[in-house]
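Line by line, the protein sequences give chains A and B. Under the working numbering, the first residue of the first sequence carries the number 1, and numbering increases by one thereafter. Under the working numbering, the first residue of the second sequence carries the number 1001, and numbering increases by one thereafter.
The set of hints was computed from the structure by calculation and includes no laboratory data. Everything numeric in this text was worked out from a predicted model, so none of it was measured. Every residue, glycine too, gets a C-beta built ideally from N, C-alpha and C. Some hints here could point you the wrong way.
As the list claims (entries may be wrong) - Listed next, the in silico DSBU-like pairs over lysine-lysine satisfying Cα-Cα at most 35 angstroms (straight line):
{"no.": "1", "chain 1": "B", "residue 1": "1154", "chain 2": "B", "residue 2": "1063"}
{"no.": "2", "chain 1": "A", "residue 1": "112", "chain 2": "B", "residue 2": "1166"}
{"no.": "3", "chain 1": "B", "residue 1": "1131", "chain 2": "B", "residue 2": "1020"}
{"no.": "4", "chain 1": "B", "residue 1": "1020", "chain 2": "B", "residue 2": "1063"}
{"no.": "5", "chain 1": "A", "residue 1": "140", "chain 2": "B", "residue 2": "1063"}
{"no.": "6", "chain 1": "B", "residue 1": "1154", "chain 2": "B", "residue 2": "1020"}
{"no.": "7", "chain 1": "A", "residue 1": "140", "chain 2": "B", "residue 2": "1166"}
{"no.": "8", "chain 1": "A", "residue 1": "112", "chain 2": "B", "residue 2": "1020"}
{"no.": "9", "chain 1": "B", "residue 1": "1131", "chain 2": "A", "residue 2": "140"}
{"no.": "10", "chain 1": "B", "residue 1": "1166", "chain 2": "B", "residue 2": "1154"}
What the hints assert, rightly or not - Here are some chain A residues the structure puts well away from chain B; computed CB gaps all over 12 angstroms:
{"no.": "11", "residue": "101"}
{"no.": "12", "residue": "105"}
{"no.": "13", "residue": "112"}
{"no.": "14", "residue": "113"}
{"no.": "15", "residue": "116"}
{"no.": "16", "residue": "132"}
{"no.": "17", "residue": "133"}
{"no.": "18", "residue": "154"}
{"no.": "19", "residue": "160"}
Unchecked claim - From chain A, some residues computed to sit far from chain B (all C-beta separations above 12 angstroms):
{"no.": "20", "residue": "60"}
{"no.": "21", "residue": "104"}
{"no.": "22", "residue": "106"}
{"no.": "23", "residue": "107"}
{"no.": "24", "residue": "110"}
{"no.": "25", "residue": "136"}
{"no.": "26", "residue": "138"}
{"no.": "27", "residue": "157"}
{"no.": "28", "residue": "158"}
{"no.": "29", "residue": "161"}
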Amino acid sequence: MNSSRSLALVSLFAALLAVFGLIPKIDLPLGVPITLQTLGVMLAGCLLGPQRALQAMLLFLVAVALGLPLLSGGRGGLGVFMAPAAGYLIGWPFGALVTGWLMTALPRATPKSAAISAFFASALGGLLVVHSMGVVGLVKIANLSWTQAFFGTLAFVPGDLLKCAVCAMVVHTVARGLPDWNFGGRALK
Amino acid sequence: MGSLYSEHRSWLHGVPAAVKLLLFALLGTAQYATHSITVLAVGAVACILLFISLGRAVLPARKLVASVLLASLLILAFHTYMQQAALGWISVLRLHSASLLGIALTLTTRTGDLLDVLERLLSPLQRIGIKTERLALQLAMMLRFTEHFFVVWKRLDEAHRLRTGKAGGLSLLAPLTIQMLTSARRVADTLEMRMGE
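Only chain A is shown next, with the shape it has when bound in the complex (with noise of 0.2 angstroms):
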């Protein structure tokens, strides 16, 4: 793939998570909201692949950095990096890399092996490495043991796990509606 086909993609991904951004959160305990932005980490994962979908998730991070109020709730600024929610937020671009990477060694042969893959490699990726450093974020933000960690962030589990069902959903429609589609930069085999 090009490098100004790169430029385009990373940015409408980081563009997609902004979108997501502007939809009603909702706030649980300890700070930290559900909100539909996992399920653009999670997109990105599939339809990018491994580098390209990190790329999309930094490059949000930065615009979010400098001020821009891109995150659910009109949130922004240097500020959100000190929150309990901030582990979540460091394990995007890593959920995205996750994602992509077992995007692209998953099967995908036809769409609906490539939904499948993709709900796997989301659930994995945009879901379990998200939610490790979103644990260990509020292990060490705010100050939580291990285990009240884990249990505060099971909360988030069946919301995601959906997401996962939607991002596969996408998955399948890109895989019949583009064909020529590459799956974390491998055409569809």
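Since chain A is already given, all that's left is putting chain B on it; use the hints.
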């Protein structure tokens, strides 16, 4: 899309972005070097005074400060319930100081100035072939795509309402993604013509 930058001038607006970034990074890091509640409380009071000294410039960040306050209260209540009140105070004081410093920086520094500092910091990466000068272009494209997403989403939603009488919701996500991926390809082709790569 506007940033959280405040147009109400304060004394901190006049301090160069690089200096603010360096000082706030040092102060933010220093508070993790101590576990003394007294030292952390003094630091938090200093941060609150600094924040208040910005006057009307802090108005755009009301909601952000309120969310930090809410998170702090919940953390404190949680730790108190677990009979770890001291640990709760340490977390809350650190959270307050770091958040207020970060918010103060964002309110008093233009996005462009922070971007300049960031590009300067990243410039050594150019030696290993990373094109850091494209960061500004990518940010601009990201904001342009965000607007475009809304236009396309609205168009799809209107079409869906005409057909079904209901809002599209998440069912529009798949057609929206396909339309945006196609748009991205067209933009990439244009960029390729313009930039030659």
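Do the hints match the structure? See the list:
no.	hint	verdict
1	1154(B) x 1063(B)	27 angstroms, holds
2	112(A) x 1166(B)	28 angstroms, holds
3	1131(B) x 1020(B)	26 angstroms, holds
4	1020(B) x 1063(B)	23 angstroms, holds
5	140(A) x 1063(B)	25 angstroms, holds
6	1154(B) x 1020(B)	41 angstroms, violated
7	140(A) x 1166(B)	45 angstroms, violated
8	112(A) x 1020(B)	52 angstroms, violated
9	1131(B) x 140(A)	34 angstroms, holds
10	1166(B) x 1154(B)	13 angstroms, holds
11	101	20 angstroms, holds
12	105	22 angstroms, holds
13	112	15 angstroms, holds
14	113	17 angstroms, holds
15	116	16 angstroms, holds
16	132	20 angstroms, holds
17	133	18 angstroms, holds
18	154	15 angstroms, holds
19	160	15 angstroms, holds
20	60	7 angstroms, violated
21	104	17 angstroms, holds
22	106	20 angstroms, holds
23	107	21 angstroms, holds
24	110	17 angstroms, holds
25	136	15 angstroms, holds
26	138	10 angstroms, violated
27	157	19 angstroms, holds
28	158	16 angstroms, holds
29	161	15 angstroms, holds
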